[in-house]
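These protein sequence lines map, in sequence, to chains A and B. In this text, residue positions in the first sequence follow numbering that gives the first Met the number 0: the first is 0, and each later residue adds one. In this text, residue positions in the second sequence follow numbering that gives the first Met the number 0: the first is 0, and each later residue adds one.
Check before you lean on any hint, since a few could be wrong.
What the hints assert, rightly or not - Here chain A is said to cover these stretches of chain B; the calculated rule only asks that three of the stretch's residues, wherever they fall, bring their Cβ under 8 Å from a Cβ of chain A:
hint	segment
1	126-137
2	148-156
3	185-197
4	282-296
Just so you know, the hints here were simulated from the structure itself, not pulled from any lab data. Don't be surprised by glycine CBs; every beta carbon is placed ideally from N, CA and C.
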Amino acid sequence: MNSLGLIILTGSLTGAVGPGIPVLYATYGELLVERAGRINLGTEGSMLMGACFGFIATVKTGNVAIGILTGSLAGGLLSLIYAYLVIIRHTNQLATGFTLALFGAGITAYAGKTFVGSRIEGINLVAIPLLADIPLLGKAFFQQDILTYFSYIMGPFLWAFLRYTRPGLSLRAVGEQAEIAFASGRNPAAWQFGAIIAGGMLAGFGGVELSLGLTHCWIEGMTLGRGFIAVALVIFSMWSPLRAMVGAFLFGGAIGFQLQLQSIGVPISPFVLDMFPYVITLFVLTFWTGIALRAMPEGLKEVLKMSA
Amino acid sequence: MRGIDFIKPVFRSLLGIVLAIVVFGIFLATTNRNPLIIYANLFSYTFGSSAGLSEVAVLMIPFVLTGLAATIPAWVGLINVGGQGQLYLGAWAATGVALYLKIDSIWLMLPAMAIAGSLGGALWAAIPTFLRQWRDVNEVISTLLLNFVAGLFVNIFVFGPWKSSGSYGYPYTPNFSAAAILSSIGSTRLHLGFFLPLLAVTACYLVFGRTTWGYNMRAVGGNVNASVRRGIPVTRYIVVAMLIGGAIAGLAGMIQVAGIHRHLRPDIDVQYGTMGFLASWLARHDPILLLGTAFLLSSIMVGGDLLQISASFPSAGIYILIGLVFFCVLGFRRLRVGAK
Chain A
0 MNSLGLIILT GSLTGAVGPG IPVLYATYGE LLVERAGRIN LGTEGSMLMG
50 ACFGFIATVK TGNVAIGILT GSLAGGLLSL IYAYLVIIRH TNQLATGFTL
100 ALFGAGITAY AGKTFVGSRI EGINLVAIPL LADIPLLGKA FFQQDILTYF
150 SYIMGPFLWA FLRYTRPGLS LRAVGEQAEI AFASGRNPAA WQFGAIIAGG
200 MLAGFGGVEL SLGLTHCWIE GMTLGRGFIA VALVIFSMWS PLRAMVGAFL
250 FGGAIGFQLQ LQSIGVPISP FVLDMFPYVI TLFVLTFWTG IALRAMPEGL
300 KEVLKMSA
Chain B
0 MRGIDFIKPV FRSLLGIVLA IVVFGIFLAT TNRNPLIIYA NLFSYTFGSS
50 AGLSEVAVLM IPFVLTGLAA TIPAWVGLIN VGGQGQLYLG AWAATGVALY
100 LKIDSIWLML PAMAIAGSLG GALWAAIPTF LRQWRDVNEV ISTLLLNFVA
150 GLFVNIFVFG PWKSSGSYGY PYTPNFSAAA ILSSIGSTRL HLGFFLPLLA
200 VTACYLVFGR TTWGYNMRAV GGNVNASVRR GIPVTRYIVV AMLIGGAIAG
250 LAGMIQVAGI HRHLRPDIDV QYGTMGFLAS WLARHDPILL LGTAFLLSSI
300 MVGGDLLQIS ASFPSAGIYI LIGLVFFCVL GFRRLRVGAK
């Protein structure tokens with residue numbers, strides 16, 4: 000491989016991890032929600048809440064840990080509205096989720112207005128000894144912040160949780176056949192409430208990572224549709240947390256690759272490069288969903304009308 | 000079709016709107032603003048001045064059209080959240096015609112732009128339709144993703160080959176020639192494009208309520224398998240509904256560039272697609288009710304502009320009120336027994 004290719008590859012890899020993490024958290028969150036049989040397009044709103052209120056709390060207290068917690072809670076709080084409307088009031092999930100995304104954009108535009116331009120230290124990077132020295136991958140994956148490492152553990156954890164634990168089984172049962180889950184003594188509404196709030200909190204983490212980890216600032220609407228990308232990645236992952244990691248890093252890799260091409264001055268319009276993550280996600284879905292559909296929780300099929 | 004069953008949900012929706020306004024008022028009060036004064040100002044500007052009223056009408060044009068773009072596919076059971084992307088492509092195609100076809104007659108130029116705009120929107124809607132019918136890709140996800148791609152696609156042109164040399168560095172295309180402009184009514188920004196949404200709504204109402212096509216569409220949307228057994232060409236209905244939806248959103252794009260901006264620029268869609276989608280849901284995919292919900296949403300948005308100027312409220316902050324209206328209206332709806 001020539002040196003230019005190597006530079007692009009390492010750059011893309013390093014770039015893949017950073018932008019991938021916020022999406023990864025949102026994907027984990029949405030995955031839980033969908034495994035419980037609901038689809039929440041408001042993930043975008045929860046991410047914005049996390050990014051905005053995590054940032055505000057950090058500026059006010061100077062404490063990153065408080066910022067992380069606040070952001071996550073803010074994300075969860077927003078998804079509570081969705082949970083109430085969809086589960087108790089039986090509103091349409093897609094319209095409610097969309098409104099939630101808009102609502103989150105409104106609240107954060109208002110709340111964050113005076114904090115635009117504030118700068119913070121952000122979350123410290125910690126290099127993991129030995130692992131960080133691995134050529135090519137080491138620096139990309141193991142010289143990151145704590146939220147990033149947490150996200151590596153979370154994937155296998157969620158996978159094991161869903162596959163091997165009783166609560167995981169209950170959650171999946173609710174998502175597949177709510178009536179049967181109910182008949183076997185589980186309360187579908189309670190499980191879905193739990194999954195939706197947990198999903199919102201995870202999306203909040205994603206937002207926090209974006210404002211406190213990656214950019215160290217707050218900009219109105221800074222998630223740029225990553226919450227919606229997360230919804231797509233859940234399908235790509237066929238509702239598996241481990242494949243969700245692959246999907247998020249692919250998405251991050253597309254951003255990293257694009258930044259690399261720009262920095263070495265490849266004469267392509269930057270907007271064409273910006274399309275990469277969306278187009279690649281779409282391509283992957285195109286050649287994947289035929290298989291993926293078989294893995295779709297039964298409870299979702301009705302919402303997405305994919306029985307046709 | 001309309002009677003007591005129709006009045007009750009409308010009454011409940013109005014109750015929801017009032018509740019949302021009260022909650023937002025409390026929110027304004029907590030930010031040291033007097034909600035009563037603010038609401039009075041908003042009301043007298045939005046509904047009491049020709050400037051305010053005409054701005055509401057100006058916003059209603061894209062809201063109604065993107066609303067129809069969500070409504071028509073909804074009849075056959077599809078969820079089109081790609082109004083924004085289809086609007087962008089329509090605006091792009093219409094701009095291409097305006098900039099490159101040298102036609103001096105307004106009677107030829109505007110129809111040519113409208114056709115180009117509709118085709119642009121329809122072609123953009125054809126992608127998710129194709130992916131859905133032949134690759135099983137869910138149209139919610141694909142139309143969402145394509146919205147982002149469409150915005151970037153327009154950027155390529157307005158920041159690149161189409162950028163005007165006389166726009167002081169702004170990413171605008173050159174201004175359209177006189178033949179390519181939908182002229183304004185009086186001194187307002189309201190333009191002749193106002194008739195198109197009304198025509199489109201009437202046509203949709205007639206087709207949906209009065210023809211076999213409309214009946215078949217409802218059948219497809221209600222139960223695909225039963226429709227197949229009845230011999231209704233389901234695929235054809237789905238494809239056509241989606242393409243018409245896209246074409247109408249594309250027409251909205253053409254109207255925005257020809258009637259409002261008179262050139263193409265990156266920010267021609269300010270959540271219009273989303274608003275149309277939500278207006279369609281609020282109206283339960285009824286084209287006549289859509290006029291009402293689009294009016295409601297555009298009044299709130301115009302109020303938001305005033306709020307930004309007079310009460311230094313960030314423009315996106317008005318989405319809080321929009322969100323509240325939806326939560327309250329959707330939440331107030333009577334629950335169907337046994338509904339999931």
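How the hints compare with the structure:
Residue count for the segment 126-137 of chain B with a Cβ under 8 Å from a Cβ of chain A: 5. That meets the three needed, and the coverage hint holds. By the rule of at least three residues with a Cβ nearer than 8 Å to a Cβ of chain A, the coverage given for the segment 148-156 of chain B holds, with 5 such residues. Figure legend: the segment 185-197 of chain B, annotated as covered by chain A; annotation inconsistent (0 residues with Cβ-Cβ distances under 8 Å, at least 3 required). Using a Cβ-Cβ cut-off of 8 Å, 0 residues of the segment 282-296 of chain B lie near chain A, which falls short of the minimum of three, so the contact claim is violated.
Hints 3 and 4, counting from the list given before, are not met by this structure.
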